[in-house]
Every structure is written in C-alpha cells, then in structure tokens.
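Undergrad: With the hints as constraints, model all of the structure from the sequences given.
The working numbering applies: residue 9 is where the sequence shown begins, and numbers increase by one.
Quick caveat, the hints were computed from the structure, so don't treat them as lab data. Even for Gly, the Cβ is constructed at its ideal location relative to N, Cα and C. It cannot be assumed that every hint is accurate.
[What the hints assert, rightly or not] Taking CB as the label site, the calculated pair distances span: (1) Thr117 x Val56: 31 to 37 Å; (2) Thr126 x Glu78: 56 to 62 Å; (3) Leu54 x Ser24: 19 to 25 Å; (4) Glu40 x Leu120: 36 to 42 Å; (5) Arg104 x Met124: 51 to 57 Å.
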Amino acid sequence: VKIIPNRERLREADLSTRARRIALEILRDRREIGDFKQAGQRKIDLVVRSSREDIRTPEQLYEALGVTPEGRASPGSSLGAVEPTTGITEILHLNRRPTVTLQVTPPETVPLQSAMDTL
Numbered sequence: 009v010k011i012i013p014n015r016e017r018l019r020e021a022d023l024s025t026r027a028r029r030i031a032l033e034i035l036r037d038r039r040e041i042g043d044f045k046q047a048g049q050r051k052i053d054l055v056v057r058s059s060r061e062d063i064r065t066p067e068q069l070y071e072a073l074g075v076t077p078e079g080r081a082s083p084g085s086s087l088g089a090v091e092p093t094t095g096i097t098e099i100l101h102l103n104r105r106p107t108v109t110l111q112v113t114p115p116e117t118v119p120l121q122s123a124m125d126t127l
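TA: Next comes the structure, spelled out in structure tokens:
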C-alpha cells in the first residue's frame, strides 16, 4: 500500500508532510538521528524507534495513533489515505533492517559447495 498524505488535515493538525513521514518511519522501523563516537571507541548509531512491536502491516501502521504538536492523539487514517499497490506482501527484516531472501536450486549434477562458491 501507499499512504498518501491529506495536506489539508495535516495543516489543521499543525504537521508537515516531512514530520508525518518521520513519525511513520519511527513507527514502522526506526530512524537514525545521528551517531556518537568516543576517542578510541567504535561509532554508535543513535536511533529513535517505537516500542510498539504490534505494527507488522501497512494497515496497522495506518491505524496507529500519533500525537499532534498540541498533544492530541490522532490515528494515521485521519491524516491521509491508503492506496493499494502491487508488489511484495511482506518485507523481511534481520536486526530491524530490510532483507532479501534468494532461493537457488543448482542442477543435480553440480555439487552444493561448487554452487555456493559460484554465488
């Protein structure tokens, strides 16, 4: 699905499309806001993410509650519309990062190790 912002309702809620997009990123997965590095240490990414683990589909994201600058709770559905699109039905994640799974079936005459080396 594609979530299309309703600019008039966003204005009424005193939100920009950018602020709404950032909020959706945080609810959907996470948003990197910077990094931190102490001398002699590894860099650490600073991220903001939702504690809600129950948002698994675009529809759940669309219905999730957000807060306007005035402090009012507002569902995503009141600030935009959902447009169905074609494409993958689920995005797999590993350590909260999107991943792709490839399934390869080599010919029976090719040893498994040889096929893995080729990939």
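Undergrad: Can you let me know if the beta-carbon spacing of Leu54 and Ser24 is within 19 to 25 Å?
TA: holds (22 Å)
Undergrad: Using the beta carbons of Glu40 and Leu120, state whether their distance is inside 36 to 42 Å or not.
TA: holds (38 Å)
Undergrad: Assuming the hint says 56 to 62 Å, is it satisfied by the Cβ distance from Thr126 to Glu78 or not?
TA: Holds, at about 59 Å.
Undergrad: Range first: 51 to 57 Å. Now tell me if the beta carbons of Arg104 and Met124 are that far apart.
TA: Violated: the Cβ-Cβ distance is about 27 Å, outside 51 to 57 Å.
Undergrad: With respect to the beta-carbon atoms only, verify the hint that Thr117 and Val56 lie 31 to 37 Å apart.
TA: violated (52 Å)
The structure shown violates the earlier hints numbered 1 and 5.
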